[in-house]
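Now for the letters of each chain:
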Amino acid sequence: MSSDAIAIQTAEATGRPWVETLHEWVTTVDHKRLGILYILYALFFLAVAGLEATIIRIQLMRPHNDFVSPQVFNRMFTMHGTTMIFFVIIPVMFGFANYLVPLMIGARDMAFPRLNAFSFWLTAFGGLLLYFSFVGGNGLSGAGSAPDVGWWAYAPLTSRAFSPGHSSDYWTVALLVSGFGSIGTAINIIATVVSMRCPGMTLGRMPLFAWLNLIMAGMVILAISPLTAAQVMLAVDRYLGGHFFDTQAGGSATLWMHFFWIFGHPEVYVLVVPAFAFLSEIIPVFSRKPIFGYPVMVGATACIGFLSLSVWAHHMFTIGMNSYANGFFAITTFAVGIPTGIKIFNWLGTMWGGRIQFKTPMLFCIGFLFQFLTAGLTGIMLGTAPFNWQLSGSYFVVAHFHYVIVGGIMFALFGAFYYWYPKITGRMFNETLGKLHFWLFLIGFHLTFDLMHIPGLLGMPRRIYTYEPGRGWETLNLLVTIGAFVQGIAILVFVSNLIVSYFKGAKAGNDPWDAWTLEWSVSSPPPAYNFASLPTVASRRPLWDLKHPEDPDSRYE
Amino acid sequence: MSAITTPLPATPKDWKLPYRGDVGMACLIFAESAIFTIFVVAYLFYVGKSLTGPTPRQVLETPIFYTICLLSSSLTIHLAGKLLERGRRGKFLTLWLLTIVLGAVFLYGTGQEWHRLIYQHGLTISTNLFGTTYYSLVGLHAFHVTAGLIMLSIVLVFGLVGRVGPEQCARVDVLSLYWHFVDAVWVVVFTVVYVLGR
Amino acid sequence: MSTMDWRATVSRALGILVLLAGVLLGAKLCVASTPADHSVPSIFDAHSTPAESIRHLSHFVLGVTGLIFLVVASLLTYAVVKFRSRRAEAEREPAQVYGSTQIELAWTVIPILIVAVLFAATARVIHAIQDAPKPPTALEVTVIGHQFWWEFRYPGLGIFTANELHIPVSDPAHPTPTFLKLLSSDTDHSFWIPQLAGKTDLIPNHPNETWLDPHDTGLFLGQCAQYCGTQHAKMLLRVYVDSSEDFNTWVRGQQQPANQDDKEAAGRWVFEATACVNCHAVGGTNGTGRFGPDLTHLMTRRTIAAGAAENTPENLRLWIQNPDAIKPGSLMPAMKLSDAELDALVRYLETLQ
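Protein chains in written order, with our numbering: chain W, 357 to 913; chain G, 48 to 245; chain C, 76 to 428.
Among the clues, some could well be false.
With a straight-line cut-off of 25 Å between C-alpha atoms, the simulated SDA-like cross-links for lysine to any residue are [said to hold, decoys possible]: (1) Lys-791/W x Val-849/W; (2) Lys-256/C x Ala-341/C; (3) Lys-903/W x Gly-865/W; (4) Lys-138/G x Gln-215/G; (5) Lys-63/G x Ala-888/W; (6) Lys-209/C x Ala-888/W; (7) Lys-96/G x Tyr-858/W; (8) Lys-256/C x Met-672/W; (9) Lys-63/G x Asp-465/W.
Derived by calculation from the structure, the hints in this document are not laboratory data. Small disclaimer: the values here were computed from a predicted structure and weren't measured.
Produce the entire structure from the sequences given, and follow the hints as far as they go.
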């Protein structure tokens with residue numbers, strides 16, 4: 357009855373033509389390879405968007421700087437935001453989900469492997485189309501080249517009248533196409549989790565990673581679709597003479613805002629829930645305890661998913677909604693903080709009474725906890741509608757959401773990279789370089805994003821290519837820029853660690869962290885078929901049960 | 048510590064999970080419903096707000112006949128599925144073809160209505176808010192009908208060369224689910240455009 | 076595997092706390108060092124009721140969130156220090172605790188209570204600011220947002236001006252607030268003077284309203300706070316809060332007809348005969364354009380191009396000759412005038428007091 361998951365090294369024929377390898381990768385439908393493709397794609401665009409951020413920061417280093425023209429600057433912040441959200445974070449999260457979910461639930465692949473590949477290539481094409489705008493868009497002054505309408509593309513700025521030429525169309529079509537890719541992957545994740553779990557793995561025994569990606573996928577389906585609809589409407593306005601957002605014809609600019617933020621707010625939870633998933637796998641292993649309150653973690657995340665659909669207009673407190681609407685969105689925004697806080701407490705509870713090991717993945721997770729806490733609290737400040745009337749549209753908001761995305765999501769991502777790197781590549785990364793990366797990035801992050809709150813409090817709006825001297829913003833902006841460079845150096849350390857360790861790292865073995873979920877039961881890297889024979893499980897931590905047959909989880913669950 | 052995956056307590060005897068095709072199609076339907084909801088919201092928001100041009104009351108004619116055609120096609124596709132289950136390939140193909148024909152008639156009706164609206168009443172997508180929202184919503188639905196008809200036709204061709212049998216029941220059911228969704232959307236669109244919107 | 080890392084973690088937690096304290100301190104310092112002309116537009120330097128209400132609420136929220144941060148961060152720090160792995164016990168696994176219903180309940184109920192309190196405080200202030208009644212003594216101003224300048228109309232006083240708003244100071248005993256109607260002629264904008272009120276957007280086809288009742292005279296700075304296109308950054312705002320005498324003087328000056336100085340008839344001819352009149356209005360001329368700012372009393376303004384440059388003859392000349400040198404991407408076209416025409420025109424504009 358017993359069977360072994362034997363690691364059979366795929367025989368790599370030496371001297372195989374690189375064209376063949378390339379062809380294999382381009383036509384692959386294997387979830388592991390697609391996962392790696394997603395991740396590499398995201399890393400490339402992380403560098404590109406990071407460059408755009410650097411240009412922004414250099415321009416803002418001092419008032420009345422002329423490093424770039426206003427037209428170029430406006431393209432930079434538009435492309436930086438659009439790229440980071442759609443072509444860095446979404447792909448990297450899909451990449452990890454793709455790679456790990458089938459392994460964690462004891463399946464051989466995703467439910468729809470070909471849809472998987474198709475979705476990846478749609479997303480990839482979308483990114484290339486967006487960047488083609490730099491060379492392909494042409495026309496009247498200010499019209500050619502990359503989109504410059506901000507990543508929310510508010511109407512009527514995006515109408516033909518105010519955005520002649522094709523730059524806004526690149527934004528619309530590229531995101532439309534990659535949106536279809538995202539919906540495809542979300543469908544795949546849901547179908548995989550629902551239909552492909554190995555025997556014995558009830559939903560209550562799935563790793564939290566699988567649960568949280570399931571919830572994320574559900575949110576993608578409900579959130580990206582409104583954006584798709586709104587972009588179709590925008591295209592109808594721009595190309596077919598429609599009036600959806602044409603205020604001259606009685607149309608409504610605020611309708612675009614509602615549609616966009618009905619997408620936009622759940623979208624940021626789509627970005628952060630997979631980060632929660634990483635934490636929920638890494639913290640238990642390095643605390644040597646199971647996650648505290650598994651059912652509550654699932655319930656809280658599901659709550660976050662639902663509530664996040666009700667808060668969207670907290671991005672619109674200043675547009676002139678009546679006091680009842682403002683009050684409603686204030687309270688829903690406060691409310692969504694409750695399950696979020698509960699999750700922080702549960703991670704704390706996991707660490708409590710444990711034996712914490714400060715390996716690099718855990719360092720990043722601890723950083724996440726402090727920083728996400730802070731970001732959540734500035735979010736509460738922003739949810740206080742009257743306070744929002746001062747803070748919205750200022751650098752306080754920019755600081756807040758970068759705190760979440762960089763201090764929270766990116767830290768968790770780095771943790772995930774370091775944690776699963778041995779599984780994906782079969783090598784251990786260099787721990788010293790990992791710690792150096794952590795410290796440098798921590799210092800740079802705090803220098804930039806702690807200080808960035810202050811210019812917002814002093815009245816500095818966002819999306820400005822320059823500012824007036826004498827308002828108290830100069831020194832702060834300079835320090836913020838310096839922090840950005842420190843972060844850039846840290847990222848270089850990270851990338852070099854990834855590359856160097858791939859060739860020189862120690863062999864990892866199946867289970868370098870002494871972990872408990874199914875992906876650690878197969879070789880590193882896993883064979884193409886994942887499992888020699890599909891496992892059966894009886895608890896949430898099947899490997900714990902195997903390693904501790906005298907005290908298995910299955911006795912207590 | 049090398050780990051070996053060994054089945055522990057007895058493998059559950061009947062480990063049956065939902066069919067992935069059904070799950071996938073259900074998710075797609077959710078996503079599409081969200082898209083349609085946004086178009087419906089826009090339609091309802093702009094009712095009565097056009098600054099110029101023909102109003103719904105002036106130009107719309109309720110397409111009762113074509114609606115009956117489309118909704119009946121849900122019945123025929125359902126019956127076709129049942130027949131395939133029982134292995135009655137010939138009858139299945141007949142009803143499948145009938146479904147396609149009914150769908151095509153519906154599309155013809157939409158086209159005819161649009162022709163009338165454009166050439167007789169001068170209502171286009173750029174005329175006013177009503178024109179924009181009407182053509183977008185009805186057009187989005189017609190697009191989904193068209194996509195459905197293409198898929199149904201592909202299955203018809205496979206069926207005609209003998210490649211569709213009771214083993215493909217589950218897959219055919221997934222496609223039927225899509226078709227039922229398209230019909231359900233029409234119920235909503237019909238209500239919004241021809242009942243509420245006037 | 077270094078057990079020194081826990082110290083690193085502690086110092087990091089402390090570092091974060093220090094930095095945050097520094098953030099707040101820095102903000103306060105910046106406020107404290109505000110010079111008399113209010114040149115640092117800090118939201119905490121409130122000089123008007125809406126801004127003051129918001130500041131009080133913000134203190135409350137900062138206090139609550141600060142307390143939450145202290146409690147949770149301390150617990151996190153404690154956990155990271157106390158429960159770090161020590162070499163001696165590295166082989167044994169700790170007690171495998173799965174959860175606790177009582178604890179979960181506690182840390183659900185307490186946040187719910189906090190939310191209820193926060194909401195009560197918030198709702199009160201929302202209502203107080205948004206639903207404040209308009210007293211009969213209120214001054215009414217219509218603000219129309221343009222790419223990339225502000226149009227101000229005083230309908231009750233028959234005044235048309237741009238970019239620099241003059242309003243009377245409001246005595247709390249006998250309030251004379253200013254109620255602003257906010258409209259837009261093109262894209263979205265946002266009216267933000269941090270020291271006087273929260274911002275409210277100007278959205279085409281969607282009129283909004285806001286109000287200010289400044290308690291102190293002086294110049295207050297702000298700018299457009301909703302990205303509106305290429306020159307969003309230089310759509311600056313200057314609000315002059317005048318004493319009631321000064322305000323009346325200003326109003327009377329604005330209500331005068333345009334200065335008709337025959338000495339500069341040549342310049343006036345250039346203005347009326349060239350495309351200037353398509354966009355700009357000057358009382359008493361054939362210029363009635365509203366696409367650009369009203370120039371009737373141009374010289375009463377300290378800046379031009381919505382604050383992008385000081386209102387000097389040199390800047391005026393440069394602005395007309397080559398607007399891109401001052402504000403690249405603005406909608407003012409380069410007028411392609413000869414030097415002589417330009418000089419005459421500038422001399423004429425200089426008479427528009």
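Practice task
Sort out which numbered hints this structure fails and list those numbers smallest first.
Solution key: 2, 6, 7
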